[in-house]
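K.L.:
Here is how the chains run, residue by residue.
6 protein chains.
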Amino acid sequence: MTNALKQKWQAGESGLGAWLAIPNSWVAEAVSRLGFDYVCVDLQHGMIDYPDATELILAIHAAGSTPIVRVPSNDLGAINRVLDAGALGIIVPLIESVADVEAAVQACRYPPAGRRSYGPNRAALVAGPNYFETANEKVLCIPMIETRAALDAVEDLAAIPGVDALYVGPNDLSLSLGLPPGADNPDPYQAAYRRIAKACTDAGIVAGIHANAELCAKHRATGYRMVTISTDASALVRGVAADLEKARSAR
Amino acid sequence: MTNALKQKWQAGESGLGAWLAIPNSWVAEAVSRLGFDYVCVDLQHGMIDYPDATELILAIHAAGSTPIVRVPSNDLGAINRVLDAGALGIIVPLIESVADVEAAVQACRYPPAGRRSYGPNRAALVAGPNYFETANEKVLCIPMIETRAALDAVEDLAAIPGVDALYVGPNDLSLSLGLPPGADNPDPYQAAYRRIAKACTDAGIVAGIHANAELCAKHRATGYRMVTISTDASALVRGVAADLEKARSAR
Amino acid sequence: MTNALKQKWQAGESGLGAWLAIPNSWVAEAVSRLGFDYVCVDLQHGMIDYPDATELILAIHAAGSTPIVRVPSNDLGAINRVLDAGALGIIVPLIESVADVEAAVQACRYPPAGRRSYGPNRAALVAGPNYFETANEKVLCIPMIETRAALDAVEDLAAIPGVDALYVGPNDLSLSLGLPPGADNPDPYQAAYRRIAKACTDAGIVAGIHANAELCAKHRATGYRMVTISTDASALVRGVAADLEKARSAR
Amino acid sequence: MTNALKQKWQAGESGLGAWLAIPNSWVAEAVSRLGFDYVCVDLQHGMIDYPDATELILAIHAAGSTPIVRVPSNDLGAINRVLDAGALGIIVPLIESVADVEAAVQACRYPPAGRRSYGPNRAALVAGPNYFETANEKVLCIPMIETRAALDAVEDLAAIPGVDALYVGPNDLSLSLGLPPGADNPDPYQAAYRRIAKACTDAGIVAGIHANAELCAKHRATGYRMVTISTDASALVRGVAADLEKARSAR
Amino acid sequence: MTNALKQKWQAGESGLGAWLAIPNSWVAEAVSRLGFDYVCVDLQHGMIDYPDATELILAIHAAGSTPIVRVPSNDLGAINRVLDAGALGIIVPLIESVADVEAAVQACRYPPAGRRSYGPNRAALVAGPNYFETANEKVLCIPMIETRAALDAVEDLAAIPGVDALYVGPNDLSLSLGLPPGADNPDPYQAAYRRIAKACTDAGIVAGIHANAELCAKHRATGYRMVTISTDASALVRGVAADLEKARSAR
Amino acid sequence: MTNALKQKWQAGESGLGAWLAIPNSWVAEAVSRLGFDYVCVDLQHGMIDYPDATELILAIHAAGSTPIVRVPSNDLGAINRVLDAGALGIIVPLIESVADVEAAVQACRYPPAGRRSYGPNRAALVAGPNYFETANEKVLCIPMIETRAALDAVEDLAAIPGVDALYVGPNDLSLSLGLPPGADNPDPYQAAYRRIAKACTDAGIVAGIHANAELCAKHRATGYRMVTISTDASALVRGVAADLEKARSAR
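Protein chains in written order, with this note's numbering: chain A, 140 to 390; chain B, 140 to 390; chain C, 140 to 390; chain D, 140 to 390; chain E, 140 to 390; chain F, 140 to 390.
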């Protein structure tokens, strides 16, 4: 069980990702087979719970992509369960402080580096008996920057050992800054967006962001090396709506 | 519980439909809210089983569309279960003969018109205590024409009392005619395609066809008044693939 | 694994039963603990599929009652699966002929008496290694009389070896006789109802009927020794509706 | 997506509610169609988890009632997930302090008013693109008063901005006061019960209580304008038990 | 998507298989990773239904083994659904005649060779756009010989075009021959067992058998080249029972 | 609903247990029927979530063993839900302090002894109307000792009222002590292992440990009276692997 996303990052490359909100392993496999560097199972705002997540992680693995999970909250038990299931990265929402990030890192690392509990049911199945020895290195810990408090401390957060990337949530960060939800709001969002990229680059970690295909080039140019550019549920609705529009206009 | 699709047909209008292969009620509701005249839950080639189908039928209802179900085979028990759950139409695959169509019709109708068994758990919930009196009229019976045998007898099949529409399965019909799978193959498929439309029109029933947005105008011009123009799973994969292509080309 | 219902019948006694349409093991256990002689899992008109049925059968067992299953149709595979799961009786709907009943009996009996396939995953778990030796005796085969054809042949059907009881479906039998759905319709239903009871008594088997609490005494007096007197879903709705009525009237 | 319950409250009227402990969407729809002002999905003591809750919320919506959810604990992630699914109110158990209530309120409100994270998958589907603008007003936040600490601070809790109602849990409040479980225990419960109603009225918010049909009139007279008067699971068991009693007594 | 099992058979080699009765994808993946040539999902006597089967087929694929499915009965719809999900072989129980085998073969082959319906949702995902062209060759059709009627016609059945192997069900074959259930009963079972192997060899197809580790060598020596030697559920119970025995004896 | 495990402990006897990681009620029932004093449903590292846990608890009950649950974390809501479902003991992982143990005890006890919330849906079903009166005595609270902090305070933790046993997690305790994962590591693990046993014995509570069959005798001799000696998932894989090894070596 290698972590191809981490290898890319270590080689200075970027990764493009897809986002899953639908709890269906066919969808997970179909999306993953398209060639994304990572595919993220969203347990926070997606319609997915732990049992389904285990199936999706397997499907992403089977399709040759790197499975990432966004947990509903910064909870040791919740993070450990999806790591046991084979997730190779954890996105942690609603970070507010250094203590939050440290807790997130500890949840992703076995002692003595952290507090992860040992019982890697599927992870060890895939990785084999030496899973323990390499797990701390292979699992990516990715706190989100989406609150004003996190933004204010972003340089400190980026410097915390064990953090592999920081991931921008544009909607929540916008709300926290007094703006409406949006993928690419004007200032003060733009300033925050550049500050986070710089903080990551300066700290030698990866800057990540929740985005869409249109914004990808801008994000890459700004220094973001982890860009989520498509979500299953919205692609589905957009696609079906476009089909309906096309059919109607052809009448 | 009215059947808005049937009302449209009775008014001489056409209906556009969507197809569901993913067992998720959010998807069903999201698609149905787009404004399709019917949304079909596919238990034959979709990834959906009976328990999920009951949730999808509810979601389609909630979103104001007409729920149709394609059953895996021409089986009385299977047809009755989804009718009990509130399906307002049944698409029956792989019809071969007059006897097949008569069996399908009987499965959709209470005695003495048919052999449907009484126990409309959700259907009666929605329609109220007088469900029995109107069920035989409200439920659409839609056999598929997708084998050579069915094609050869299509005029007879269209004339069988209780048939509301015949539905073309282009892939299977193509295979049966010695062609590869395809949505709009050349002859002998084209001849069959026109013959089915004419048989339906002559018999005073609706011609239906499994299609896509591009083919909709052609089908409508040929006389098809029930055209399925989008499928959740393929719209999803097409959309995500297009996003990935766009993101990559913008690098 | 004894079949307490069969023992009661052998002792000349009657059995009262409950009916399950809701796929939830708490409901199954709660109902079964009330003291019914049998509890029937309805896979035909209930909202229950095979995986849920296995949980309900376990719950009924755990609560000390006898688990019966109504299958969606007279299908060897479907009958065998729920017998494997530990069902101690099978109610088979929509019987039309002697051949139908013989097929139902054969599906409930191991060779050479029948055609049941061997693989009693949970049944053997409960009954132990000698399950095979006693299974044919312990499993009750209960065809339904609910079509005119079955009624016309009821004396012949009752005499078929291996039949333990015949079970009246009042709604479907009414429809088949040209009446509306009903639990206790007037003639010709009443004559049919008495004829079936007599045919069973004459053949030395049990007469059963789908009913409610109000009709129980009448059915018992008529000779029915298997009377289903309550259904989970309707008891629930009646109870909640009565609560609402009470609360509103007290305003 | 209007919140009819809130509209009633704003008009000075009361709301009667039902309670769901069974994870089945048919039950949810059947109960909701009876005409309750709200129907609450209980994730704390009910047998329901998040995936089932999403189906029940949809069913309640489909049936025209207002979906409320009781979460297992005062957890931001858990509250956000059911709000995303379309819940229009949140009942939060085991409140102990002003800080607890403030956290509950913040979990129900988007920034800057609160800390709710943006990602309203089904809520936005139902409400449309302007969901964000009205969500904070439409979602009801309903902390429970069921501990001695909460009771002691009830006037302060009722005055916290963003609280729409306080909801009494008679069993837990009784235990906390040294009494056995009970729906309407004597003093000190009665004094607490009146104090809570008065605190709510004085603060201009709604007093709510978990009850049954018998107690409804008393609660209304005491000033409670949110009264839960029936629970699916207990109505089911009471109904089936009554049927069995009736059938046995008629022998 | 290659069929490694078929390739082995074509090379004259044998295949060892495992059997799954437990509906859990971790189990499927863990077993498949051990190195079996095929892993069979049992929908007849296993505790597995279609939705779970789709997850297990994916897990078997992910682990690098060849997924086979035993269907509950010789039903076109049921066979097509698991083939759509990516099964690379179908074991069909309770064959009685040439017509039965021909129906099984037709269910596994697209027209004009057979009657399989086109809609390979996951199969095409794995195999790519040319799935149709190679599917008929890649999917193994494996009827069971486990009734006296099938035994009597075994030479004819083995010669039917499209049959890849015949698979002995020792328990059911024993029952059909008047013997108790057993994995290796004495005559007349032994004679039947040898006759089936010879019929397959003579017809140039593979002889398969449901077995255990102890019997494997004997079966191989008799000419069986498809031997199932372990089942998840029984291995689990044997293992836990052995642990308990060991712990108790060490007291 | 008696707690046979507690009765054994009160009689000075030991209990042998099994561990469930697979979410399948057949597995739970099959394992429980082997005669274990307790069977533990693992929600932390097992592949089991709350809805499945309710089925497994029922299955363990049905098979006559005592159902225990390990929760994912020391969370009041999570502990209450499985107690409501009928668990008779709770194993709480990752204890660090006296405050942690006190919180665990309070989550297992109704007021005034603790903070458990009242709503025992299945527990009351099994135990009857007087469940409340005996619940606090019947439910076992079993904190885990698997961190260095807990080890350092083990004598204090063992003395906290309401603790019935302390349960050693050898893997996590080893990691916390700077050792690799292991069931019976050398010092400093051995010293810790003996210290915990002595602390429990001195405090008059039970010492428990996660183990295997080989280590059972040693643990018993050291004073451990709660020894888990088998896990479903590992027994399964070991058994199937042994079958494959046997079959291959016999070629």
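There may be inaccurate statements among the hints.
It does not matter which identical chain is used: a pair holds within one copy or between any two.
Think about it this way: if two alpha-carbon atoms lie no more than 20 Å apart in a straight line, the pair counts; the simulated DMTMM-like pairs of lysine to aspartate or glutamate are [said to hold, decoys possible]:
#, residue 1, residue 2
1, Lys277, Glu294
2, Lys147, Glu241
3, Lys385, Glu272
4, Lys277, Asp295
5, Lys337, Asp214
6, Lys385, Glu152
7, Lys385, Asp323
8, Lys385, Glu276
9, Lys385, Asp176
10, Lys147, Asp295
11, Lys357, Asp176
12, Lys357, Asp323
13, Lys385, Asp341
In short, the hints are calculated from the structure, not lab data.
K.L.:
Work down the list of hints and note, for each, if the structure agrees.
P.N.:
Evaluation of the provided hints:
no. : hint            : verdict
1   : Lys277 - Glu294 : neither (24 Å within a copy, 37 Å between copies)
2   : Lys147 - Glu241 : neither (25 Å within a copy, 44 Å between copies)
3   : Lys385 - Glu272 : neither (55 Å within a copy, 31 Å between copies)
4   : Lys277 - Asp295 : neither (23 Å within a copy, 38 Å between copies)
5   : Lys337 - Asp214 : neither (28 Å within a copy, 33 Å between copies)
6   : Lys385 - Glu152 : between (39 Å within a copy, 19 Å between copies)
7   : Lys385 - Asp323 : between (29 Å within a copy, 18 Å between copies)
8   : Lys385 - Glu276 : neither (49 Å within a copy, 32 Å between copies)
9   : Lys385 - Asp176 : between (32 Å within a copy, 15 Å between copies)
10  : Lys147 - Asp295 : neither (25 Å within a copy, 49 Å between copies)
11  : Lys357 - Asp176 : within (19 Å within a copy, 40 Å between copies)
12  : Lys357 - Asp323 : within (10 Å within a copy, 41 Å between copies)
13  : Lys385 - Asp341 : neither (48 Å within a copy, 29 Å between copies)
Of the hints listed earlier, those the structure fails to meet are numbers 1, 2, 3, 4, 5, 8, 10, 13, in rising order.
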